[in-house]
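Asks: Now for the letters of each chain:
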Amino acid sequence: AQTVTQSQPEMSVQEAETVTLSCTYDTSESDYYLFWYKQPPSRQMILVIRQEAYKQQNATENRFSVNFQKAAKSFSLKISDSQLGDAAMYFCAYRSAKAAGNKLTFGGGTRVLVKP
Amino acid sequence: NAGVTQTPKFQVLKTGQSMTLQCAQDMNHEYMSWYRQDPGMGLRLIHYSVGAGITDQGEVPNGYNVSRSTTEDFPLRLLSAAPSQTSVYFCASSYSPGVYNSPLHFGNGTRLTVT
Numbered sequence: 137a138q139t140v141t142q143s144q145p146e147m148s149v150q151e152a153e154t155v156t157l158s159c160t161y162d163t164s165e166s167d168y169y170l171f172w173y174k175q176p177p178s179r180q181m182i183l184v185i186r187q188e189a190y191k192q193q194n195a196t197e198n199r200f201s202v203n204f205q206k207a208a209k210s211f212s213l214k215i216s217d218s219q220l221g222d223a224a225m226y227f228c229a230y231r232s233a234k235a236a237g238n239k240l241t242f243g244g245g246t247r248v249l250v251k252p
Numbered sequence: 005n006a007g008v009t010q011t012p013k014f015q016v017l018k019t020g021q022s023m024t025l026q027c028a029q030d031m032n033h034e035y036m037s038w039y040r041q042d043p044g045m046g047l048r049l050i051h052y053s054v055g056a057g058i059t060d061q062g063e064v065p066n067g068y069n070v071s072r073s074t075t076e077d078f079p080l081r082l083l084s085a086a087p088s089q090t091s092v093y094f095c096a097s098s099y100s101p102g103v104y105n106s107p108l109h110f111g112n113g114t115r116l117t118v119t
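Chains as they are written, first to last, in my numbering: chain A, 137 to 252; chain B, 5 to 119.
Extracted from the complex, chain A is given alone in its bound form (with noise of 0.2 angstroms):
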């Protein structure tokens, strides 16, 4: 089974700094998908960013970017001139290309602050 995990509970950034958020995963499969979600106080989980295995190109969203490590199975966030609205918590999640239905793994979550 795949794991994902989020090594930092909680990240401080000041207001138009950056921060990056580690995330490794355990998989044995070459085809699958990598997505960051974030989480406000809201609760609402909204998609931020998302990577396909097969391409070695990293993803970028605005102020938001991966670093996709596919042989170290590493895929870190960096958010760029942060925000207070950045706050929350974001989570990586892993598909594979192969399962049935449209499954993710999540990994526990980082907490992100933002100092104003």
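Hints in this document: simulated from the structure, not taken from any laboratory. A few of these clues could be false.
[Unchecked claim] Label pairs and their computed distance ranges (CB to CB): (1) B/74 with A/152: 41 to 51 angstroms; (2) A/233 with B/65: 18 to 28 angstroms; (3) B/44 with A/176: 16 to 26 angstroms; (4) B/23 with A/251: 40 to 50 angstroms; (5) A/235 with B/74: 18 to 28 angstroms; (6) A/214 with B/73: 40 to 50 angstroms; (7) A/210 with B/16: 39 to 49 angstroms; (8) A/153 with B/21: 46 to 56 angstroms.
Glycine included, each C-beta is placed from N, C-alpha and C at the ideal position.
We have chain A; now place chain B onto it with these hints.
Replies: Using the frame of chain A, we list chain B on its own:
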């Protein structure tokens, strides 16, 4: 656009009571699923469905039942509530993963407390 709608938002049950968490989506998604979220553990899959009439177990199915009689609805039933089922429950839906890595759309969650 309603998206994924979950009801209720909050619920308190006594041990042994039963209840149904409702989930409806209006995006004509084939895939639907239920997750529970516990502190420090992220979200874990309870049950999922790949289409009307088809359901299967996820990682933590014990104590829960599901059915999928229509494309739109995917209710989660707690048969006899236990304190270990105190959690936040999320319903999610998506197109088949073949549709460009279709992401999950989540409801806003139900906070359930079992006393």
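Asks: Indicate, hint by hint, whether the structure satisfies it.
Replies: Results of checking the hints against the structure:
The supplied range of 41 to 51 angstroms is met by residue 74 of chain B and residue 152 of chain A, whose beta-carbon atoms lie about 48 angstroms from each other. Checking the proposed 18 to 28 angstroms range against residue 233 of chain A and residue 65 of chain B shows it holds: the Cβ atoms sit about 23 angstroms from each other. Distance hint for residue 44 of chain B and residue 176 of chain A: a CB-CB separation of about 18 angstroms, consistent with the stated range 16 to 26 angstroms. Take residue 23 of chain B and residue 251 of chain A: their Cβ atoms lie about 41 angstroms apart, and the range 40 to 50 angstroms holds.
At roughly 24 angstroms, the beta-carbon separation of residue 235 of chain A and residue 74 of chain B lies within the given 18 to 28 angstroms, and the hint holds. Checked against the given bound of 40 to 50 angstroms, the beta carbons of residue 214 of chain A and residue 73 of chain B, roughly 44 angstroms apart, stay inside it. For residue 210 of chain A and residue 16 of chain B, the hinted distance range of 39 to 49 angstroms is satisfied, since their beta carbons lie about 41 angstroms from each other. Taking 46 to 56 angstroms as the suggested C-beta distance range, the pair residue 153 of chain A and residue 21 of chain B conforms, at roughly 49 angstroms.
Taken one by one, the earlier hints all hold for this structure without exception.
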